[in-house]
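Peer 1: Listed here are the chains, written in short residue letters.
Number of protein chains: 2
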Amino acid sequence: MQTILRSKSREVVIDTDGPVLIIGESINPTRRKKLVETLSNHDFEFAIQLGKSQIDAGADILDVNVGFPGVDDAALLPETVKAIQEALDVPLCIDSPNPKAIEAALKVIDGRCLINSVNGEEKSLEAILPLAKEYDAAVIGLVMDDDGITHDPEKRFKIAEKILERAVKLGIKEEDVVIDPLAMAVSADPNACLVTLETIKLVHDRLGLNITQGASNISFGLPNRDYLNMAHMVLSIWNGLTCPIANPNKITTMVRAADLIRAKDDFAMRFVEHYQSQQADESGK
Amino acid sequence: MQTILRSKSREVVIDTDGPVLIIGESINPTRRKKLVETLSNHDFEFAIQLGKSQIDAGADILDVNVGFPGVDDAALLPETVKAIQEALDVPLCIDSPNPKAIEAALKVIDGRCLINSVNGEEKSLEAILPLAKEYDAAVIGLVMDDDGITHDPEKRFKIAEKILERAVKLGIKEEDVVIDPLAMAVSADPNACLVTLETIKLVHDRLGLNITQGASNISFGLPNRDYLNMAHMVLSIWNGLTCPIANPNKITTMVRAADLIRAKDDFAMRFVEHYQSQQADESGK
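So the protein lines, in turn, are chains B and A. If you read the first sequence in our numbering, its first letter stands for residue 1, the second for the next number, and so on. If you read the second sequence in our numbering, its first letter stands for residue 1, the second for the next number, and so on.
Read the hints as simulated data drawn from the structure, not as lab findings. Keep in mind that the hints are not guaranteed to be accurate.
A pair holds if it fits inside one copy or across any two, identical chains being indistinguishable in the list.
[Unchecked claim] Here are the computed lysine-lysine pairs in the DSS-like style, where the Cα-Cα straight-line distance is at most 30 Å: (1) Lys123 with Lys158; (2) Lys82 with Lys107; (3) Lys52 with Lys250.
Chain B on its own, in the form it takes in the complex (with noise of 0.2 Å):
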C-alpha cells in the first residue's frame, strides 16, 4: 500500500513494501528553548536550520509542532509551514492537538501533508477527518479514543480499524490512513513496548497499512535511551513499522540497517550512502 506525499516539487511516497522512510520530529518546541523564542518572534531560521539538518542526516518527511504554552498556534502553524515549504522542498507532517491550526495548515500547503493526528475519540473523528477529506491530504491516526489509552493490542488494533472505517466512509483513500500504534514508557510498564509491537503487528497483517510512531519515548527514565531507542525502532520495523517519527540525527543508521538486513535495500546501496554522507559531514566540519 503507497502513501503518496508531495512538497512543491518532490513526491515521497511511503510504500509498505518498501525502504522505511523517516519524518523528522525536531521542529517541535518541547525541551527546545531556542525554538520557543524564535518562533515567537516570527523569526523561522531555526526551525528551516533543524528542518534542514534533519534531511541531511536522512529524514524525508518534516513533522512540523509549534505548540508551546500561550502559543496561537492557528496563526503560527501556518506561518511557519509557509516559510519551512519556502527553503525546504520534502513534504510536511503537520502537528497540532488544535483543528483549527491543522486547518489553518492545510490552506497553505503546497503539494500533499499528513495530518498529525486524528485519533478514535468521536470529537477528534469529526473535526479532522473531513478537513483531510477536503484538503486531500493524508492523515495518522492514533489509537485511542474515548475510553483512553488501552493496554490489549487486540483492543488498539479495533481503534485503528475503527479510524479507518470512518475514514473510507468520508471519502478518503485508505491507504492515507496512515496507523499510530502508541509507545509508552517501558519503565512504566514493563509490557509497554510488547503492547505497541503487538499492534503494529495486527495492524500490518489485517490492515496492510502504513504505520508510523514517535518511540523516543519509551526509554524514558532510564539510561542508555539510544541502544533502548534503536532496539525497540528495529522490531517495529520488523512487525511492520513504515515511517516512523524520530529523530534522524540518532536514527538512521539503524533504520538503514534494520532494511539491509530484511533484505529491503539490495547490494546495501542506501546503507552505504547514508555512511558516506556521514562521512562527507564529518569531513565538512
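Following the hints, put chain A in place on chain B, whose structure we already have.
Peer 2: Positioned in the frame of chain B, the structure of chain A alone reads:
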C-alpha cells in the same frame, strides 16, 4: 526448554523462556596474534584475561577455541580448558572442528559444557554425538550437511530436525541440543540475514530448542558494522535466539535492551545493572 551447564561451582541455565545469555567469543586466535603467541608458549594468562574481561562485560559462558595453523589442538585445547576453569568459574563452550580435541577437552572439564559443534554431515554426527552422550555434555548443532550450506530456511530446519533426532536416538536429551542456524554475510547475499532469521523462527516455533549463533560475520565487507550486528542480534532474539556467541564488550547493552523491550527484564533490573557495571568500569579506569 532448559539447557543446564555447570562450572566448578556455578550452574547456568539457558532457558527458552528466560533472558538471553551470552557466550563470549573472544578466546579464539582468529585475528588475535597475541593469543596465538601466548598459547603457543603454553602461557594462558592472556586467554584468562580475555575470559575475565568478557565475564565483566556480561558473558555467562565462554567459548574456548585454540585453532591456528600448525596447532596440535588435541593437546592444547584440554590444557587451555584446564587453565581457564582453574581461574574462572563459568561454564565453557569447547570449540573445535577436531573430534579428538573435543574428546580430550571433555575429559578434563569440571562440570557440564557445551560442545561447539556437530553438524548434519554423517561423519560429524558419528564422531561428535557419542561424545556428547558419553561425557554428558550439551551440543551445538550447526545446520549444514553433506550437501553443504542451503539457503532455504525449510531445508536448514530439516537439518536441525535431523541432528535432534539423531541425538535423541543416542539418548541425549532434546534440551541438550542447541541449534546454530548459520549466519552469513549480507554483502554477499541480500537474503542472507532473512534466511537465518526465518530458520531461527522455524526452529523456535516447531522444535522449541535453545538457539545460538555466531553472527559478527553478517556485516563482513560493510561499514558501520556494529550497527548491522546490533540490528541482526535484536531481530534474532525476537525470533528465538537465546544464547548468541558474541563479543559482550560490543553487544551486551543491545542484548539487554532487546530483553527489556520484549518484557524479559522486569523493573529493568538487568538493563540497569549492566549500565551500572559499565559506569563502575569507566570510573575504575
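Peer 1: Each hint needs a verdict: does it hold in this structure or not?
Peer 2: Each hint tested on the structure:
Within a single copy, Lys123 and Lys158 get their C-alpha atoms as close as 18 Å, which meets the 30 Å cut-off; across copies the closest is 55 Å, which misses it. In this assembly of identical chains, Lys82 and Lys107 lie within 30 Å of each other by CA distance solely inside one copy; the values are 10 Å within and 76 Å between copies. Taking the shortest Cα distances, Lys52 and Lys250 sit within 30 Å of each other inside one copy (15 Å), while across copies they are farther apart (32 Å).
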